[in-house]
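Based on the sequences and whatever the hints tell you, model everything.
For the protein sequence lines, the chains are A and B, in the order given.
Oh and the first sequence: position 136 is 136 in our numbering, straight run, nothing missing.
Counting the second sequence from 1 gives a position; our numbering is that position plus 271.
Careful: at least some of the hints might be erroneous.
Calculated from the model, a selection of chain B residues having no Cβ within reach of chain A, i.e. all distances over 12 angstroms [what the hints assert, rightly or not]:
(1) L427
(2) V441
(3) N498
(4) P601
Taking beta-carbon pairs under 10 angstroms as the criterion, some of the chain B residues facing chain A (in silico) [as the list claims (entries may be wrong)]:
(5) I338
(6) A342
(7) N354
(8) P359
(9) L361
(10) F364
(11) A418
Source of the hints: derived by calculation from the structure; they are not laboratory data.
Here a beta-carbon is modelled for each residue, glycine too, at the ideal position from N, C-alpha and C.
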Amino acid sequence: MRAMKQASFLIIVLTLSVLLLFPLYILFKISISAPQDIFTQQPPYLIRHFTLDHFRDIFSSGVTLLEPLQKSLVTAFLTSILSLVIGVPAAYAISRFHFRIRYALVLLIFMTRMIPEVSIALPISITFIKMGLFDTTLGLILAHLVRILPISCFILVSVFSAFPAELEKQALIDGASRLRAFIKVVMPLTLGGISVAGIFSFLLSWDEFVYASYLTLAKPTMPLKMYYYIARGDIFSSATYAVLITLPVLILTFALQKYIKPDYLTGAIKG
Amino acid sequence: MPGLRLENVTKVFGNSKALSGINLTVEEGIFCVILGPSGCGKSTLLNLIAGLEEVTEGKIFLGDKDITGWAPQKRNMAMVFQNYALYPHLTVFENIAFGLRLRGEGAQDIKAKVENVSGSLGIEDKLGRFPRELSGGERQRVATGRAIVREPELFLFDEPLSNLDARLRVELRSEFIKLHQRLHKTIIYVTHDQVEALVLGEQIVVLKEGLIQQISTPLSLYKDPANLFVAKFIGTPPMNILKLKVQDKENKFKLVKGELAFEAPKVAEKVLKEYVDQEIYFGFRPNVVRLNPEGQLQGEVVFTETLAEVSHARVRIHPEIEINIKVDEPVMPRSLVRCTLEEDKCYLFDKIGKRI
Chain A
1 MRAMKQASFL IIVLTLSVLL LFPLYILFKI SISAPQDIFT QQPPYLIRHF TLDHFRDIFS
61 SGVTLLEPLQ KSLVTAFLTS ILSLVIGVPA AYAISRFHFR IRYALVLLIF MTRMIPEVSI
121 ALPISITFIK MGLFDTTLGL ILAHLVRILP ISCFILVSVF SAFPAELEKQ ALIDGASRLR
181 AFIKVVMPLT LGGISVAGIF SFLLSWDEFV YASYLTLAKP TMPLKMYYYI ARGDIFSSAT
241 YAVLITLPVL ILTFALQKYI KPDYLTGAIK G
Chain B
272 MPGLRLENVT KVFGNSKALS GINLTVEEGI FCVILGPSGC GKSTLLNLIA GLEEVTEGKI
332 FLGDKDITGW APQKRNMAMV FQNYALYPHL TVFENIAFGL RLRGEGAQDI KAKVENVSGS
392 LGIEDKLGRF PRELSGGERQ RVATGRAIVR EPELFLFDEP LSNLDARLRV ELRSEFIKLH
452 QRLHKTIIYV THDQVEALVL GEQIVVLKEG LIQQISTPLS LYKDPANLFV AKFIGTPPMN
512 ILKLKVQDKE NKFKLVKGEL AFEAPKVAEK VLKEYVDQEI YFGFRPNVVR LNPEGQLQGE
572 VVFTETLAEV SHARVRIHPE IEINIKVDEP VMPRSLVRCT LEEDKCYLFD KIGKRI
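Structure (C-alpha cells):
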C-alpha cells in the first residue's frame, strides 16, 4: 500500500516535471542545434548535430549584450535588496498586529496592484522624465518596487506570522531589546522565508517588461533586448537569447535553494 | 519583605476580562503556585508579571520598585515557557549563555557560569548539542538552566512540566523543590495540576475565570477550602458534593434529599437557621467515611478502584447520588454496605458556592 502510494507520487512528480521542463529543453536544444535538425518535417527529440554557432553569432555580431545584462542584473539585484530592506521591517510590524488588522493591511498593500501596469507606466514615465529618472537604473528600480514590494511583503508577513511568538518573548525576557531579539533570534530562523522573498523579487524584476519598455530608451534591459531579436524573427538567435536570460535565474535558484528548507524550527518548541 | 506585589491588577482583552482585581503579595524567597483550570487567566497573569502584556489597570511591584510600565528586558526576571522556547539555531551552551552575552559579560565568566549551571542540572555533556537533538526532559533542563544562569530576582514558570510523561514529571518536580532550596529565590509557578501545586507550593493561589478564589498554604487549601470550586478542585479523588435541602425538625437540623438524611454538623447549626427549606451543598472527602455495619448510611457498591495500597469504592446511596469512600480492602460490586460519616469534617456551601 505504501509502496503504491510512493510509486504514484513519483509518477505524478515525474510527469509534472517533464511537462514543465520540456519547453525549456526544446528552447535549449534549438540554441545548440544545427539548422538541419530544426528545419525538418519531424525534428528529432535528441540533439543530432551539436553546434555552438548560435552563441558565437550573437557574441560576434557586435551586439553589446554585456550592457543589457549588466543593467538587468544590477536592477534585479538592487530591487530585491531594497524590497527586503523595506519589506522585512514593514512585514514584521504588520505580522505583530491582530490578524484582522493584518489582513486589512495586506489587502491595502495589494491595492497598488489593482491598477494595470500599462495604464500607470506612462504617467510614471512622464513624471520620471521631469524628475530626471527616465532611462536610469534608479528609476527602473523604483518602478519595479511598486510592482514587487506588495508580493515580497505578502510572503514576509506570512513568514513572520508563522514564527513562534514564545521564542521572541523569551529573547525579550533574556534581556534583548526588540531590535536585538529580531536580529539574534527572529532573523536567523526566518532566513529561509526571507530568501524566498528575495529570490522572488529578483526573478520578478529580472523578467519585468512593461515598466522597462516605458522607462528605458538608450539602455534597455535583457527582456527588452530579447524581445527585439525575437520580433526580428530569427528562431536560433531568439532561442539563444532566451537561454541566456534563463541561465542566471537557474543558477541563482540552485545556489539559494539550500536556504529554502522547512525544518529550521525543529526543537524550538515541544517536539 | 515582599518579593512581588500585585495591586488590583486587571487585564481586559477586547470585551472580555481576563483578570479582574488581582491583589497578591508573594514574600521574598517563597515558592508561589498559581493554580487553575485552563483558560482561568493564569498564563496571562504570568505574562503581565513578565511585562509581555501591559496591565489594563493596577500596579506591579518587584521588591519596592514599581515596575508596572517597564519593558520585559528591564525587569530582571527569568521565565520558562510551557514549550521551553529554546533557540533552535543555537547550541545548548549558546542557549544558556544567550542572556549573559546580551549583558556583555566576559567570555571566561560566561564559560564558568554555563558550566556550573549545566553541571548542577546534569546536562554538562549536552552543551554542544542543538535543541532538536535533545529529549523532552533535557530540553526542560536547558530551559531551566537558561533561567538560573542569569541570577534573576524572580523566576516565572509557565506549566514547565506539562509536556513531559508522567514519570519524568514526578522526577523533575522534586528537582524544582531542590532548586528552590538551593537558590532561595522567589518563584511564581503556574500549573493546572493540583498535585503539582500541593507538592511544590508554599503559597497557592487558586484562580478561576480571572478571579482569585483563595490564597493559602497547601494544607489549609485542602482542609479549609474557601468555596465550592476550591473544594472540588483540590484532592484526589475529589470531594463528594451533595445537593441537599435543609430541614428544621424541632431545632435539630437535617440535610435531606428524598429518603436520604444527614444530621447537620453541630458547629453549623447556628448558621443553618438562615437556610431552612433551602438547598445547600454538602461536601465531605472520601477519607472521612468509614465502612461500619452499624452505620446509618446505606448503599450499594457500584465499583471499586484500587491503586496499590489505597482503594476507593463508589457507593450509590440514593437513586441519583453516588459517593466515593475510602476503603481498606476492595468490596464486591453490587454488595450492600453501611457506613458512618464524621460529620464535623464536612463542609457546607450555599447555592452560589460560598462556604457557610
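Each hint, compared with the structure:
no., hint, result
1, L427, "violated, 8 angstroms"
2, V441, "holds, 20 angstroms"
3, N498, "holds, 34 angstroms"
4, P601, "holds, 40 angstroms"
5, I338, "violated, 13 angstroms"
6, A342, "holds, 8 angstroms"
7, N354, "holds, 4 angstroms"
8, P359, "holds, 4 angstroms"
9, L361, "holds, 9 angstroms"
10, F364, "violated, 15 angstroms"
11, A418, "holds, 9 angstroms"
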